[in-house]
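S.K.: Below are the chains, spelled out letter by letter.
Number of protein chains: 4
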Amino acid sequence: MLRGLSHAGLGNLQSDEQLIELASRYGFQAVDIDAGGLIARHGLEQARAQLEEKGIVIGSIGLPVEWRTTEEEFRSSLKHLAPAAEAAAALGCTSCCTYVLPSTDQNAAHFMALATRRLRLCAQILGAYGIRLGLEFVGPHHLRTNWANPFIWTLAETLDWIDTIGESNVGLLFDSFHWYTNEHSIADIEALRPEQIVHVHINDAPAVPVAEVLDNGRLYPGEGVIDLAGFLAALNRIGYKGAVTQEILAAEAPQGSPEELVQRSKAGFDKVYAAAGI
Amino acid sequence: MLRGLSHAGLGNLQSDEQLIELASRYGFQAVDIDAGGLIARHGLEQARAQLEEKGIVIGSIGLPVEWRTTEEEFRSSLKHLAPAAEAAAALGCTSCCTYVLPSTDQNAAHFMALATRRLRLCAQILGAYGIRLGLEFVGPHHLRTNWANPFIWTLAETLDWIDTIGESNVGLLFDSFHWYTNEHSIADIEALRPEQIVHVHINDAPAVPVAEVLDNGRLYPGEGVIDLAGFLAALNRIGYKGAVTQEILAAEAPQGSPEELVQRSKAGFDKVYAAAGI
Amino acid sequence: MLRGLSHAGLGNLQSDEQLIELASRYGFQAVDIDAGGLIARHGLEQARAQLEEKGIVIGSIGLPVEWRTTEEEFRSSLKHLAPAAEAAAALGCTSCCTYVLPSTDQNAAHFMALATRRLRLCAQILGAYGIRLGLEFVGPHHLRTNWANPFIWTLAETLDWIDTIGESNVGLLFDSFHWYTNEHSIADIEALRPEQIVHVHINDAPAVPVAEVLDNGRLYPGEGVIDLAGFLAALNRIGYKGAVTQEILAAEAPQGSPEELVQRSKAGFDKVYAAAGI
Amino acid sequence: MLRGLSHAGLGNLQSDEQLIELASRYGFQAVDIDAGGLIARHGLEQARAQLEEKGIVIGSIGLPVEWRTTEEEFRSSLKHLAPAAEAAAALGCTSCCTYVLPSTDQNAAHFMALATRRLRLCAQILGAYGIRLGLEFVGPHHLRTNWANPFIWTLAETLDWIDTIGESNVGLLFDSFHWYTNEHSIADIEALRPEQIVHVHINDAPAVPVAEVLDNGRLYPGEGVIDLAGFLAALNRIGYKGAVTQEILAAEAPQGSPEELVQRSKAGFDKVYAAAGI
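Residue numbers (UniProt numbering), protein chains in the order written: chain W, 1 to 278; chain U, 1 to 278; chain B, 1 to 278; chain V, 1 to 278.
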């Protein structure tokens, strides 16, 4: 499993280049960045060289398609997907992710039909470039009622949905934070085949009742109460070998320079990886 | 467009054979029956001959798969589909239909995902036999709250769902009763392409506020307030050429012998077809 | 059915704008042009206005994806499809076409697998914009052995392939020239449902043995031996309502100015439409 | 990886029950048998108990659908698939396999289109029962010209085809005999992800030029020249954990009782597994 960083939780990072540099300096192997931007700024060869020199791979790109709102916005944004996928593939990235909110102001069944059609098409396009689509179920309880109608949020529902989408390159973005807030178990992880997991996020949660955990109240790995050692050990046991990327969404920006925050992240990763015995 | 009859609304019919006989005698051209049963009782050649002699085609068969409940029941019933489709195809029937309830006790989004996957598979199997799958949206308002969570019930939502199912042999079972209770318009029909319609039901409704119309309070064509002349004329205008089948679901059995009820149905069809100018 | 023109056979046309102008002046209703280019040159509103003012619609755009060669070229060209489809849709065009050569230097079965996957993805992307994909089977006999291995060229094979591609927005580009060189019949047309036809080409052929007809030896409608009256009447009978577009591929450029050649085309259309009684 | 036996190569086996008994006695863990037949003879509970008691799982069932000939035969046999899949699933079997001949008397491209559609539907039905479809590429050179037109036979072509079929539950039946006769390499195995392999066959080949190896000239594992140690070690290295089943197709029945032949098979498995270090 590759240790990964994203911008979230690292303060005022200036650029993807800085993230690559810091990730490399502190023993991380993956970053979640915009592959197309890196190529646009440096050219393909230089972008590749930069990643190789630093020993960094791109863990995942974000899905550049608006699939949650109107058909017009979906269509209009869809044209960004093939270029983004081409760029990611050119840099060796094989993962593209999006999150699934647990409630919606739309009719839930109708929205599920629309979302299924739209995400299937995204997966089909990504598949042409050898890229997989990861769907992130979202666990914090307050989001289940944040919009008018409940959508889906559990692992089992998400796996059913992936089945319905019906493309072989669709899987999970599996985030320890949502696993925890959904009160899923180690056994739930062990029941997965590794190819069902496209990407992993790792975050910790504060010691409050699980129903009160806030989506933007995430902690650095090892600084909270989630059994991240168990989480990582189970992922390792089933054979997952991809990136495990930190994404610290927080209401208040953390104190410290990006370098200090990467050091803090490294300490957290060291702690939970050691506890997991990997 | 073919005038069609189903068992519903014809009292104590003894058999599909009696329905075929009465339909033929009173100028109908289609019946909705169980194709496999007819073949089982008479053999394929005799079944074919009986239909041909009477000038009757099978308008549609019902979907013999339980797609609304558990995965176990779905799997267990799925094996009935290929034989049913084979029988229907052998008798020249190219339509298989099922209805979609407008609310559900399941999580609506999750059920939509499950239903999409199950009905897609049904469509795929039917497609191997040249048979189309018709989905019937259901309009009566009381059913929208009959179960805990709203599902879908409008024409537009159903068309979106058909798009999501993504098989070219899926379309609408279009029932005048649901068109009326949804307060859809003539223009809504005119916006359809004929190949989007797999089968048509024709029923009338009593003169009560539309929100109070009951699903099992259907009237014979021409005996109620639905603009069936406009409905039929619009279907004819867009080029629909399939069966238009009566399905009188009523809380109380209608008075009269099956033959009298077929005569009453014929009078209704004569009236609304004449009013439609077809 | 709309009378349509393409650049092929009209000599030294200066631009799509000139084609629109001439088509309009001589009673045509459709042109096959590059929708994206028109918008790029005039802006969307002006492009729309120009078409409306001239009473011209875009019959079809060409598929801007290289699906016949390597995976690299396919991927690299795929990103052009969404923008092209968005442009076409913005101008009201619902058709995008490509031709299928009847032989290949690749292993035919393997190429069929690759082509199926690639064209399915093209259809899926086009479908998001409400655009259909038309596949043109190609009849001239000399092309069947022009490359090492036979591929497919008949109507029946192409319909089977469309079934395999399995997207509801895929159909035929039906060209009278290939219908003739394949020695297909009027009954073959009558067996089609109109929605199976995405676009129609009309061309005539010289009075040589059918096996000797050359793909680039096409004549203006009415100047050759193809039963174009029967062809058009049959299309009309089954309910086809789209464009019928001339595409005169010829080894030598025809004599005359574009305007003279459009006049000649008009005379040909007048003749065969009259003979068809439409 | 589970040691598996099929009927092929074990002489006059009386029944699947005898195969289960002998497999168990000599340290095998899997058999390829007809799950539905076992249930029909014993009932589901007894069938399950018999397998459990003997420590045997069903490695794979054969595909009971005729996908290689006419549409009529395909349709007619399709109805056997759901019951077969239901039976297999009830006994815990998750694999169903079929072989792909490397040449065909049909037009190769057209047959590829038909086969793609048919096998996709088979995969879709199997998927409803949690069963995967394994496609076996066939390597012996003489079969490439045994029928008029070349089809596909390499690993790479088969993987492309699986991609085209486009269902996530389709993968390879990977047979050492075809790997060898195709002159594929250890690196070709190492390039596979384990989930791409549905089932494995193990057979050996005589010391004749590879182009002269006959499909029905197979030897027991360890009695020929194939690098089965390398084959098994590579499969183990990539994480394949399913059955490795012997299928000795031979022109002449082997000498000896079934029990003696199972003993001979065991000796072969012991030898090659030991050489593979597993």
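Do not rely on the hints blindly, as some may be mistaken.
[Claimed, not checked] Computed list of lysine to aspartate or glutamate pairs in DMTMM-like fashion (alpha-carbon distance at most 20 Å, straight line):
1. U:Lys241 with U:Asp188
2. V:Lys241 with W:Glu195
3. B:Lys271 with B:Glu247
4. U:Lys54 with U:Asp105
5. W:Lys241 with V:Glu190
6. B:Lys241 with U:Glu190
7. B:Lys271 with B:Glu260
8. U:Lys241 with B:Glu259
9. V:Lys241 with W:Asp16
10. B:Lys271 with B:Glu252
11. B:Lys241 with B:Glu183
12. V:Lys241 with V:Glu190
13. U:Lys241 with U:Glu195
14. U:Lys271 with U:Asp227
15. U:Lys241 with B:Glu190
16. U:Lys54 with U:Glu73
17. B:Lys241 with U:Asp34
18. W:Lys54 with W:Glu17
19. V:Lys54 with V:Glu17
20. U:Lys241 with U:Asp270
21. W:Lys54 with W:Asp105
22. W:Lys54 with W:Asp16
23. B:Lys266 with B:Glu17
24. W:Lys241 with V:Glu195
Everything labelled a hint here was simulated from the structure, so no lab data went into it.
This structure is a prediction, so every number in the text was calculated from the model and none was measured.
S.K.: So which of the earlier hints does this model not fit?
M.R.: Per hint list: 4, 8, 9, 10, 11, 16, 17, 21 violated.
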